[in-house]
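> The primary structure of each chain is shown beneath.
Number of protein chains: 4
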Amino acid sequence: MVKAAVIGGAGYAGAELVRLIARHPEFELIAVTSDADAGNPIADTYPALLGVEPACFTPHDDPAVLDCDVAFLAVPHTAGMHHAARLVAAGVTVVDLSADFRLPQDVYEAAYNVEHTAADLLEGAAYGQPELNHAALDALAAKHAEGEPVVVGCAGCYPTAVSLAAVPAVRAGLVSGTVIADCISGISGAGKKPTYKTHYCSANEDAQAYGLPLHRHAPEMDMELEMAWSQGENEGAAPKILFTPHLAPLARGMVATLHLPVTTEDVDWQKLYEDAYAGNPFVHVLPAGKSPRTSSVAGTNNAHIGVFPNRGNGYVTVISTIDNLGKGAAAQAIQCANIIFGFDETAGLEGMARAL
Amino acid sequence: MVKAAVIGGAGYAGAELVRLIARHPEFELIAVTSDADAGNPIADTYPALLGVEPACFTPHDDPAVLDCDVAFLAVPHTAGMHHAARLVAAGVTVVDLSADFRLPQDVYEAAYNVEHTAADLLEGAAYGQPELNHAALDALAAKHAEGEPVVVGCAGCYPTAVSLAAVPAVRAGLVSGTVIADCISGISGAGKKPTYKTHYCSANEDAQAYGLPLHRHAPEMDMELEMAWSQGENEGAAPKILFTPHLAPLARGMVATLHLPVTTEDVDWQKLYEDAYAGNPFVHVLPAGKSPRTSSVAGTNNAHIGVFPNRGNGYVTVISTIDNLGKGAAAQAIQCANIIFGFDETAGLEGMARAL
Amino acid sequence: MVKAAVIGGAGYAGAELVRLIARHPEFELIAVTSDADAGNPIADTYPALLGVEPACFTPHDDPAVLDCDVAFLAVPHTAGMHHAARLVAAGVTVVDLSADFRLPQDVYEAAYNVEHTAADLLEGAAYGQPELNHAALDALAAKHAEGEPVVVGCAGCYPTAVSLAAVPAVRAGLVSGTVIADCISGISGAGKKPTYKTHYCSANEDAQAYGLPLHRHAPEMDMELEMAWSQGENEGAAPKILFTPHLAPLARGMVATLHLPVTTEDVDWQKLYEDAYAGNPFVHVLPAGKSPRTSSVAGTNNAHIGVFPNRGNGYVTVISTIDNLGKGAAAQAIQCANIIFGFDETAGLEGMARAL
Amino acid sequence: MVKAAVIGGAGYAGAELVRLIARHPEFELIAVTSDADAGNPIADTYPALLGVEPACFTPHDDPAVLDCDVAFLAVPHTAGMHHAARLVAAGVTVVDLSADFRLPQDVYEAAYNVEHTAADLLEGAAYGQPELNHAALDALAAKHAEGEPVVVGCAGCYPTAVSLAAVPAVRAGLVSGTVIADCISGISGAGKKPTYKTHYCSANEDAQAYGLPLHRHAPEMDMELEMAWSQGENEGAAPKILFTPHLAPLARGMVATLHLPVTTEDVDWQKLYEDAYAGNPFVHVLPAGKSPRTSSVAGTNNAHIGVFPNRGNGYVTVISTIDNLGKGAAAQAIQCANIIFGFDETAGLEGMARAL
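Protein chains in written order, with UniProt numbering: chain Z, 1 to 356; chain F, 1 to 356; chain E, 1 to 356; chain Y, 1 to 356.
Incorrect hints may have been included.
If several chains are the same, the list does not tell them apart, and a pair holds so long as it fits within one copy or across any two.
DSS-like, lysine-lysine: derived pairs with alpha carbons at most 25 Å apart [unchecked claim]:
#1 Lys240 to Lys193
#2 Lys271 to Lys290
#3 Lys192 to Lys290
#4 Lys271 to Lys240
#5 Lys290 to Lys193
#6 Lys197 to Lys290
#7 Lys192 to Lys143
#8 Lys3 to Lys143
#9 Lys197 to Lys240
#10 Lys192 to Lys271
#11 Lys3 to Lys197
Note that these hints are calculated values from the structure, not bench results.
With the hints as extra help, turn the sequences into a complete structure.
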């Protein structure tokens, strides 16, 4: 068994990592750290995780972590690069769920207004969105197979949902102009910290847009579209995203509704998307006319995609749904780790969503 | 007191009409009809309405209705024109919440694939969205003051939310091209009929787009934009709407997020909207930077609007929230009736939303 | 107009007081205080209250409060007696929603483990549960009519729901032994403070008992049963309550399910309850066989009661539903104030619950 | 692999069976039947189950079912005995989730007011609540090992939750008199059929008791207490249950709050329950003072139990939570099947609940 640690296990993505790793056939959970909750039973915070081993949170500097083969970092930005630096130095491979290894250094420093303190690691890191960037993850897996610790910077939840809906059309060079991306997220996207916004009585029976005019996730989406654009060997500028997130009263789940201004309508869009994801164990293009639902992917690494041509005025609408804590965070991190360690990509991720 | 009837009182819009009329200072509730529930206590269906008078549903052909001054029709399309014809013939003014008196005859017949059987009434009817069409409602009020029964075709819920967000910019001629309108509705928008879609276990913890590629409400929105465009004495074609509705797990509430492709960014958009709705008792433009919430308008005739310039790429985003059963249905119908009968436009509509 | 202040207007009960007073025909809202939010627009915290006057929170020591005729205290326990002392000294009548004026001094000090610093006021205060204690409130109204400021200690939410279900049978001397009271509260009962427990993602899709073995509200319930018992001129010990509260994922609402061990089953229980509440504008005994719902009373001062004899083994089950922020807090406080000021008891409390 | 069919796979319990069997290490899903949905993709009804094999519903008389080793019946009462008879005749072992094989014939016929048409099968069937009745299930497993098809009548959801909380104290002879059982169920307990009661807008923001005065599940609970009472070799009459179910707005989950009138308080209740469930892989007695939550067991076969002595007046309160579709239906059925087929009792049931 490969020894795994979760750094920052008291947050929502951390708890989902614990749940998934505890039942993973190849990973053995060695440590779950939280400085704030160190010493406390994990089941005190999350009684759903009663019986998990180890039973208690330990501090971030738990020496057991340094003995692990892989550490999943479910920490805020800037904490990601801090832990990555000390862990890689100890030979531990890092799968980071923070924003610290997603973006080019200059883009990161501008978006987060902070200096990147692990630029060398960032250079060697791979962007962890397998459907967009599998080749780079495979290359990292090869490096890792030679005994070198590596770093994956897992994609954010909104960028994952958006890229899954956008990439096939953008890679094919069929999109020109501004892609409108109106997204809906469940409340867990705001994190575990109790605030007025996340109070049940505030979030319940409410829907709203937020984060306008510009959300911190926008540069990552533009980077994704550029990656897809250049993968397709297209010329000129890649399309840009106009991103507007909304909150709705559900715990988990994300809808990305993308309106793509297309250069031609004379394309079999359904087939384009089906071909793009053929054989992918997690991304399912629904039959023509079906709209994806968040409840269908909750708790999983799955994405459901609906393709709607004929919207009029030169637009094609593509809609994806994911679980923001699953394919948008913990489950995708495990998918990335499976690739790095050479396991079956679906290992530990076979669970289906509940029908209700 | 003006005698009022609710035709189709067993549905959600009907129940909201009953709640509002029962406490209206000028209207007296005479009859609440439902063929399916005739004879049953209203409080059996809606225990919240315990104590309301009359206590029981009567059939649609209840003769008491013919004695009323006004009838609110909360019935499906085609039933609206049927009841309107027989009621106007009896001298009863009609405020119709169905789709039957909203659209020009040809547009209606194409959208609903049915013949309009009351074309003469349709010709004389006014579109019931006061912020867009107050002059026509005033003209109808004058006709009514002369003793003539009149017909108002109240705006739909999505069109109301969309037009409130679009009209000031469109009327000013500042919008060119396709307006993207991504909207979120609470589950009551699907009506009271129990279906798999409206089952708690299906709707709960789910968000999804629906009604694609084309929703029946789209022609009404295009009509609204044309009205606003011509009110501004603009030339050329009015902008068109690309409308995509979504469901989220709330009972009541609607968000309309509009991305307006603008012809210039050199406009004080906040001021444009504030001026457009200055003095309006129901439509509130929030301070710059604030995003409206559905919970803030639930149970009321209010609309909250947030204006977000600087979205990049030539777009201005305007977001409105309403209660789909309030400003989107029953409360707006009462606002229209207040205008027709010459009452204070806010009569019976003063209630504030609950803070939670 | 009678000048009214809300002390502690930033919490949930405070916000509900503001909503109700702003539309009350006899009270004029002069000040809404919050030390933490002083200077901020009320609509920043509660956009539903946009347009209310005054528009901003002021600090607790706002001199305008001392000019008021009545102050509603929506503050934590111990803060209630502090503000009551200074306000009564300034001639302001106090309607306190904290626990400070509900219990006899010794019971209070034992339950809250704190000294009561306004024992003289407590002595003269009346327990604010009109259905149980109308005579004492009438007596206070007489005192107030002579120009003396008075203090009402409004009943708690759980005690209100429990007493409405228990009092008629207990007063009639038909109950002997331990009354089981299993109650369900919406999340607003836990207050506005964001905590892990009130986080949407924790409260959603969860139900649980809490506060065991003994909840702070229990002594107040025992006091109520003793009041009812002695009102009926019964001998021996009054029955006691075994109280167990539960949380369910709704914002507002409370169910009290009481199992009464009865001394005889040979009673027309339905009639007993109907007679007890005959003419009461707020408490409605449902037709035999109907079970009350929280949604039917949300946002109101109403209580719905269902009476179920024939449960077997000598038990009668009586179930009441209220809105914990309405009849359980803000609305009942206004009912008490209406009595004290000699207004119609229903003034400002006429609104019906929404049917959904 | 053991061949398994789900009869009645379109309902909620059926869908949960499909989800669990599809990932079970020992069962292979051969057929999922529904007369109403025959021929339709399962994923049309439940997109969460996209990718499951077989992909489509077949009719109940699908011959493939007769080739199976085991059939799980997720059908209404009376349909259970019908299918059991024809399947056992074909040599198929039956795990029935309907009420048809839970009760003695006379009790069944009285409770459901219908003749039992498979009395011989009922005689040989075992009541499927392993924590209460493991010996009988083991005996059935021995019979099955000899090649004989057998029938398990799985316990109902409320009875499972109630018995887990009651049995240790009742078996020990420490309870005398009426056990009050106030329970809360999620909306899925009302089944998949869309009704006014299960409409999102009706169930949302509502809590209520229902099914009074007497619920059909009560006789099953009394039977359970009698089984436990006699297992403890106690004399006299077993205690009886006074059962009151409530609905709360969650999809899945059940709380059973039991107030046990105990014959002595001089017992280590916590230890009594811990010992009773020691080694049980599914039933977890929480540390003293902790109250169980429904969210902690959703989607699993787990039960969480909290024990609260010192409630006063001779009562001990014991609270259990289960998932009504998990331990209360589909997962417990699989646990029973695991026992019958000699598999590890936890096979296919290892998944932990989501922390949110």
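> Each of the hints needs a verdict: does it hold here or not?
Comparing the hints with the structure gives:
Taking CA atoms no more than 25 Å apart as the test, Lys240 paired with Lys193 passes in neither setting, with 32 Å inside one copy and 40 Å between copies. Only within a single protomer do Lys271 and Lys290 lie at most 25 Å apart by alpha-carbon distance; the minimum there is 14 Å, versus 41 Å between protomers. In this homomeric assembly, Lys192 and Lys290 come within 25 Å of each other (Cα to Cα) only across copies, at 21 Å, whereas the closest approach inside a single copy is 33 Å. Taking the shortest Cα distances, Lys271 and Lys240 sit within 25 Å of each other inside one copy (24 Å), while across copies they are farther apart (28 Å).
In the homo-oligomer, the alpha carbons of Lys290 and Lys193 lie at most 25 Å apart only across protomers (22 Å), although the nearest pairing inside one protomer, at 36 Å, exceeds that limit. For the identical chains of this complex, Lys197 and Lys290 are inter-copy neighbours only, at 14 Å across copies versus 33 Å inside a copy, given an alpha-carbon limit of 25 Å. When the C-alpha separation of Lys192 and Lys143 is checked against a cutoff of 25 Å, the pair qualifies neither within a copy, at 35 Å, nor between copies, at 52 Å. Taking the closest pair of Cα atoms, Lys3 and Lys143 come within 25 Å of each other only inside a single copy of the chain (19 Å); across copies the shortest separation is 44 Å, beyond that limit.
Taking the shortest Cα distances, Lys197 and Lys240 never come within 25 Å of each other, neither inside one copy (30 Å) nor across copies (35 Å). In this homomeric assembly, Lys192 and Lys271 never come within 25 Å of each other (Cα to Cα): the closest approach is 40 Å inside a single copy and 34 Å across copies. Taking CA atoms no more than 25 Å apart as the test, Lys3 paired with Lys197 passes in neither setting, with 37 Å inside one copy and 33 Å between copies.
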